[in-house]
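Chains as they are written, first to last, in the working numbering: chain A, 730 to 1095; chain B, 121 to 291.
If you're looking for bench data, these hints aren't it; they were derived computationally from the structure.
Do not take every clue at face value.
Straight-line C-alpha distance at most 27 Å; calculated DSS-like pairs for lysine-lysine [as the list claims (entries may be wrong)]:
hint, chain 1, residue 1, chain 2, residue 2
1, A, LYS828, A, LYS789
2, B, LYS149, A, LYS828
3, B, LYS149, A, LYS1072
Negatives, chain A to chain B, calculated, CB over 10 Å [what the hints assert, rightly or not]:
hint, residue
4, PHE762
5, ILE819
6, ASN856
7, MET864
8, PHE870
9, ALA873
10, ALA874
11, SER876
12, LEU884
13, ARG1060
Even for Gly, the Cβ is constructed at its ideal location relative to N, Cα and C.
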Amino acid sequence: MKQAFLNYYDITPVTTWIHETLCSVMPEGLAIFLESLAVGVIVLLMYAILAIILIYMERKVCAAFQCRIGPNRVGGKGGLLQVPADVIKILTKEIIHLKRADQLLYALAPFLVILASILTFSCLPWNNGAEILHMNIGILFVLAASSIGILGILLAGWSSNSKYTMIGAVRSGAMLISYELSIGITVLTMVMLSGTMDIQQIVYNQADGWNIFKGHIPAILAFVIYLIAGNAEANRGPFDLAEAEQELTAGYHTEYSGIHFGFFYLAEYLNLFITSGIAATLFLGGWMPLHIPGLDGFNAVMDYIPGIVWFLGKTFFVVFLLMWIKWTFPRLRIDQVLTLEWKYLMPLSLIVLVIMTACVVFGLVF
Amino acid sequence: MNITLLEAVFYVLSAIIAVCAVLTVTTGKILRSATYLLFVLFGTAGIYFLLGYTFLGAVQLMVYAGGIVVLYVFSILLTRSDKDMRYKIGKAKLVSALLTCGVGAALVIFLICTNTFAWTEIPQDIIELPAHKIGMDLIGTGKYQYILPFEVVSVLLLACMIGGILIARKH
């Protein structure tokens, strides 16, 4: 389905041109290597910039829900330079080395967490033709790569050689493994509706209506389940019991300092963004503009808005929903968290999967 | 020597796999051993991606790196384990270990010598296997299709689950 309206902001011609220009002056292998390097730098830059935006947004949203103003001193009226100042502060802090801890694993753990986060981050569909890691089983790769982070958390908790980090790590490990099930099943539900695991193809299939409208009742149920499980997967409230301050100080990253702590912090915020981005892709159409069948003039106007604006808009909308949940509900206990998943969420997502299968088989989806 | 990008990636991955595999068995700490094993599995997944078999690569990451190694680490965390595993090894054990290693090495060298080494097998252009074909082959009944192993594995998993519930059940 290659329609003309999708091509206004297709960046494939630009990338092809860059590739051909590079190939004309050097061998193709070197060109691909340099391009990969450049794309990697762009991904890391976007990662850092989005983290700063998200942290600022979190502070402002949290303040609004608690009837406060939030950061307003540094950098003019809105406190815009507060987070960059914090970033500079965390970069200049000393990285401490623990005695009697396993040095290798202690140093490795933050990198495992951030590796998983960046791998999933680069699978997001940013724009037409702007997929970074593109493979025909894309969404399965996202699920696979995100499970690497659990290991980083477990290793961080164990190698810090402290009771608090150990309990925090085991708690969040158990929670993440449990909620992965619900995420996997809801993603499977949407794959069932789309008929493909290719992320760009999932987005293309939503040209005539987003999945949440196409799949009506089961899709909406799956969306709600995905948001709950995704919130837990990003280790955020009301599921942030890894860092229940009263009991565990800061959970698995208690003993980390400086930028190593920063990596965990970054990964947490970006996991929130990735969860929202995947939700926007699967349910709200990714970079696909809003189209209403029949209203051609409206559709044409919508097409003039670039895909990346749509994608970021939808993603930040879902991020706002998740922040709303975080600052509204109190933290759950560990047994409540696990009961919610194993006794309610997982059976419910299985039922939704069966309903969706029945709807697709009997042609009850649009 | 003129090597292509894919060959360079292959050699880097192979070096990672070889070094980490040796470190897995020589390190003295059990959790480090599990971590090195994780890198061996990452490398194997990388080789699957290199061959264009992205489905198997993702499953490798999901099942081994995200599942089995996490379970290993969990069980190490939840049980009392010695921090240091440098035990004394008896003579009989040493001889049998050396014998096993020798037989294994001989087998691998024999296989490499009788077949050509992997550099002729490195693809020069990655072609992804379509997911649809994998799915149809997994549940097909024809030649080179795998419905029977698929069903047998699912029965095995069911048996494992029932066993797990039976052990965990409170009396």
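These are the hints, each one checked on the structure:
1. Restraint check for A:LYS828 and A:LYS789: the C-alpha separation of about 39 Å exceeds 27 Å, so the hint is violated.
2. At most 27 Å may separate the alpha-carbon atoms for a hinted pair to count; B:LYS149 and A:LYS828 meet this at roughly 17 Å.
3. Distance check on the hinted pair: B:LYS149 and A:LYS1072 sit about 37 Å apart at the alpha-carbon level, beyond 27 Å; violated.
4. At the 10 Å boundary, the C-beta of A:PHE762 falls inside the reach of chain B, the nearest C-beta of that chain being 6 Å off.
5. Taking the minimum C-beta to C-beta distance to chain B, about 26 Å, the non-interface status of A:ILE819 holds against the 10 Å cut.
6. With 10 Å as the threshold on Cβ separation, the claim that A:ASN856 sits away from chain B holds: the shortest Cβ distance comes to roughly 22 Å.
7. The beta carbon of A:MET864 sits about 4 Å from the closest Cβ of chain B, which is not more than 10 Å, so the claim that it is off the interface is violated.
8. Under the 10 Å C-beta cut-off, the non-interface status given to A:PHE870 relative to chain B is violated; the minimum distance is some 5 Å.
9. At roughly 4 Å from the closest C-beta of chain B, the C-beta of A:ALA873 falls inside 10 Å, breaking its exclusion from the interface.
10. Against chain B, the non-interface label of A:ALA874 is violated: not every CB pair exceeds 10 Å, the least being about 6 Å.
11. The Cβ of A:SER876 does not lie farther than 10 Å from every Cβ of chain B; its closest approach is about 3 Å, which violates its non-interface assignment.
12. Once the 10 Å rule is applied to beta carbons, A:LEU884 is inconsistent with being away from chain B; the minimum gap is 7 Å.
13. With a least CB separation of 23 Å from chain B, A:ARG1060 remains clear of the 10 Å interface cut-off, as annotated.
In terms of the numbered hints stated before, the structure departs from hints 1, 3, 4, 7, 8, 9, 10, 11 and 12, listed from lowest to highest.
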